[in-house]
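A.B. asks: The lines below spell out each chain.
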Amino acid sequence: MSAIVIDKVEKTYANGTRAVHGISLNIEPGQFTVILGPSGAGKSTLLRMMNGLETPSAGSVTINGTLLERKTLRQVRRTVGMVFQQFNLVGRLNVMTNVLTGRLAYRSWLGSVLHLFRDKDLVIGHEALARVGLTDKAWVRADQLSGGQQQRVGIARALAQKPRVILADEPVASLDPLASEEVLDLLKGICQNDGISVVANLHQVEYSRRYADRIIGINAGRVVFDGPPDALTDEVVEALYRRPTSPEEKSHEPAALALAHA
Amino acid sequence: MALETTNLPPLPPKPRNLFPLWASAIVGLAWMMGVQLDISPKTLIYGWEDILEYFSRYSSPDFSQAPGYVVLMLQTMAMGLWGTVLAFVLGFFLAPFAARNLSPNAWTYNLAREALNFMRAMPDVLLALVLISAGLGLGPQAGALALGIHTAGFLGKFFAESLERVDKGSYEALDAVGAGFSQKLMYAGWPSILREMSGYTLYILDRNIRTAAVLGLVGAGGIGIALYDTLRMFNYSQSAALLIVLVITIMVLDRMSNFIRSKLQ
Chain A
1 MSAIVIDKVE
11 KTYANGTRAV
21 HGISLNIEPG
31 QFTVILGPSG
41 AGKSTLLRMM
51 NGLETPSAGS
61 VTINGTLLER
71 KTLRQVRRTV
81 GMVFQQFNLV
91 GRLNVMTNVL
101 TGRLAYRSWL
111 GSVLHLFRDK
121 DLVIGHEALA
131 RVGLTDKAWV
141 RADQLSGGQQ
151 QRVGIARALA
161 QKPRVILADE
171 PVASLDPLAS
181 EEVLDLLKGI
191 CQNDGISVVA
201 NLHQVEYSRR
211 YADRIIGINA
221 GRVVFDGPPD
231 ALTDEVVEAL
241 YRRPTSPEEK
251 SHEPAALALA
261 HA
Chain B
263 MALETTNLPP
273 LPPKPRNLFP
283 LWASAIVGLA
293 WMMGVQLDIS
303 PKTLIYGWED
313 ILEYFSRYSS
323 PDFSQAPGYV
333 VLMLQTMAMG
343 LWGTVLAFVL
353 GFFLAPFAAR
363 NLSPNAWTYN
373 LAREALNFMR
383 AMPDVLLALV
393 LISAGLGLGP
403 QAGALALGIH
413 TAGFLGKFFA
423 ESLERVDKGS
433 YEALDAVGAG
443 FSQKLMYAGW
453 PSILREMSGY
463 TLYILDRNIR
473 TAAVLGLVGA
483 GGIGIALYDT
493 LRMFNYSQSA
503 ALLIVLVITI
513 MVLDRMSNFI
523 RSKLQ
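Line order of the protein sequences matches chains A and B.
So for the first sequence, this note's numbering puts the first residue at 1; every next one is plus one.
So for the second sequence, this note's numbering puts the first residue at 263; every next one is plus one.
The shape of chain A in the complex, shown without the other chains (with noise of 0.2 Å):
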């Protein structure tokens, strides 16, 4: 069974913009797939109809045969794991605080209402602080790490969900190179390791090429290559990243050389 079947997906927002154009994709458990594509291509905007974040226009999503809809909203999501471009923590709670709240679907408003967790979710909180490298951090408060560090604790609350697939919303954009690769690294190993799925929206031809299983391209809200990263050859990536030349754009040109003769 797929863990992830997209079928027909369509986004249109209210202002008329539509970032997807019926898209459907079947994505296998236990890979890393990598979605590809210059910004504004509606990468994010597939990647969050995955969880729910975004409601399709058109379309269904199904995650490990659970159809995604109002009711099944909240038992989707307590196993789909999300790791944000922005990592998204709470900066004034401390590291383990954050990682726990990876469980607070599991309880109920008023068991968790207090900050009070149980053993038994501590030690998951503890063990995926430790797979990431970071215990000596647990009591420290979020705000005062690093982007790297901020986004290995951004892993380790998905870990903590015991999720069977991990949705990663350009989770290196913001990252230096160094502790970009510290990340990838971290995700491609959960993935082989654990047998978690994993998609991530990358923009770096590089990385995509490094780390993927399957690369999925997307261009102007349509899939324009799907395959092994040995397939994505530089033609194939200029294409992918050739932009729509609009005719807003064409049209001012004549007016610029105009006034330049003038």
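These are computed hints drawn from the structure, not numbers from a lab.
Any given hint could be a false lead.
Result set (DMTMM-like, lysine to aspartate or glutamate): computed pairs, CA atoms no more than 25 Å apart in a straight line [unchecked claim]: (1) 430/B x 176/A; (2) 71/A x 434/B; (3) 120/A x 437/B; (4) 137/A x 434/B; (5) 430/B x 69/A.
If you anchor each label on the Cβ, the simulated ranges turn out as follows [said to hold, decoys possible]: (6) 283/B x 39/A: 34 to 40 Å; (7) 457/B x 136/A: 23 to 29 Å; (8) 115/A x 363/B: 18 to 24 Å; (9) 366/B x 114/A: 20 to 26 Å; (10) 366/B x 136/A: 37 to 43 Å; (11) 399/B x 74/A: 47 to 53 Å; (12) 457/B x 185/A: 35 to 41 Å; (13) 127/A x 384/B: 51 to 57 Å; (14) 192/A x 379/B: 52 to 58 Å; (15) 227/A x 366/B: 41 to 47 Å; (16) 74/A x 457/B: 26 to 32 Å; (17) 444/B x 123/A: 20 to 26 Å.
From the three backbone atoms N, C-alpha and C, an ideal C-beta is built for every residue, glycine too.
For chain A, the structure is supplied; the task is to place chain B on it using the hints.
C.D. replies: Just chain B now, kept in the frame of chain A:
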């Protein structure tokens, strides 16, 4: 008119500069205020002498009953404190529903906002009078309740606006793990605004203690009622002593709340 810039690509249309308009509007309003309130330089100068003469009557404060004043001041402070506690509790529970990005639906959002608007719109002096005549009787209970209801409107609105300003990503991360409404509040909302919250609450406490002194004038007890009595009997020396107690208390409170706020940073 062939300026150098003709070779450059044209700039986008220039945005309108509204600064002169605003500046003249402010000057115009100031002038209208002068006309409406009938303020002329003459009245200001002659009035000044009268004011000075009146204030000279307060020049010899009489502290013979100082212990009593301190008890009255404590009563006023208690009125302000319990009013603030009530306001905090009401604001804490109403604010999440009055925050656009957290409220479960448009109904709860509008309902919570209107409730806060209503509380804010009811002047606390009026509320105290209503509560006194509605059966609570003369005394600080009515005052505390009135302050609580009125300032809950402020605290609720402040909290709601702070909750709306919290980084969208923090809420989104909680959504993504499948957390519910109260969990989002307890793990993203409130922790992120802790400092602003305590700042607003300390400000409201400060304000409520000052207002509690005024509420005394309508029969809600405390130092206000004593001030009212001494003023009514033209007992300027005792009034002066009461005012000094009040002013010193407020200065100490201000220092204390500044200190606490700086510790919270």
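A.B. asks: Does each hint hold? Answer for all of them.
C.D. replies: Hints versus structure:
Between the alpha carbons of residue 430/B and residue 176/A the distance comes to roughly 24 Å, so the proposed pair stays at or under 25 Å and holds. Of the pairs offered as hints, the one joining residue 71/A and residue 434/B holds, with about 18 Å between alpha carbons and a cut-off of 25 Å not exceeded. Proximity of residue 120/A to residue 437/B is assessed by CA-CA distance (about 23 Å); at most 25 Å being required, the pair is judged to hold. With a C-alpha separation of about 24 Å, the suggested pairing of residue 137/A with residue 434/B holds against the 25 Å cut-off.
Our distance criterion of 25 Å between C-alpha atoms is met by residue 430/B and residue 69/A, whose separation comes to about 22 Å. For the pair residue 283/B and residue 39/A, the beta carbons lie near 39 Å from each other, so the given range of 34 to 40 Å is met. Take residue 457/B and residue 136/A: their Cβ atoms lie about 27 Å apart, and the range 23 to 29 Å holds. A beta carbon spacing of about 22 Å between residue 115/A and residue 363/B agrees with the range 18 to 24 Å that was offered as a hint.
Range check, residue 366/B to residue 114/A: about 22 Å between beta-carbon atoms, so the 20 to 26 Å window is met. Here the CB-CB span from residue 366/B to residue 136/A is close to 40 Å, well matched to the stated 37 to 43 Å. Restraint check, residue 399/B to residue 74/A: a C-beta distance of roughly 51 Å satisfies the suggested window 47 to 53 Å. Separated by about 37 Å at the C-beta atoms, residue 457/B and residue 185/A satisfy the suggested range of 35 to 41 Å.
Separation of residue 127/A from residue 384/B is about 54 Å and conforms to the stated range, judged on CB atoms against 51 to 57 Å. Taken as a hint, the range 52 to 58 Å holds for the pair residue 192/A and residue 379/B, whose Cβ atoms sit roughly 57 Å apart. In this structure the hint that residue 227/A and residue 366/B lie 41 to 47 Å apart at CB holds, the actual value being about 44 Å. Taking the beta carbon of each, residue 74/A and residue 457/B are about 31 Å apart, inside 26 to 32 Å as hinted.
Remark: the range hint 20 to 26 Å for residue 444/B to residue 123/A is upheld by a beta-carbon distance near 25 Å.
Every hint, counting from the list given before, is met by this structure.
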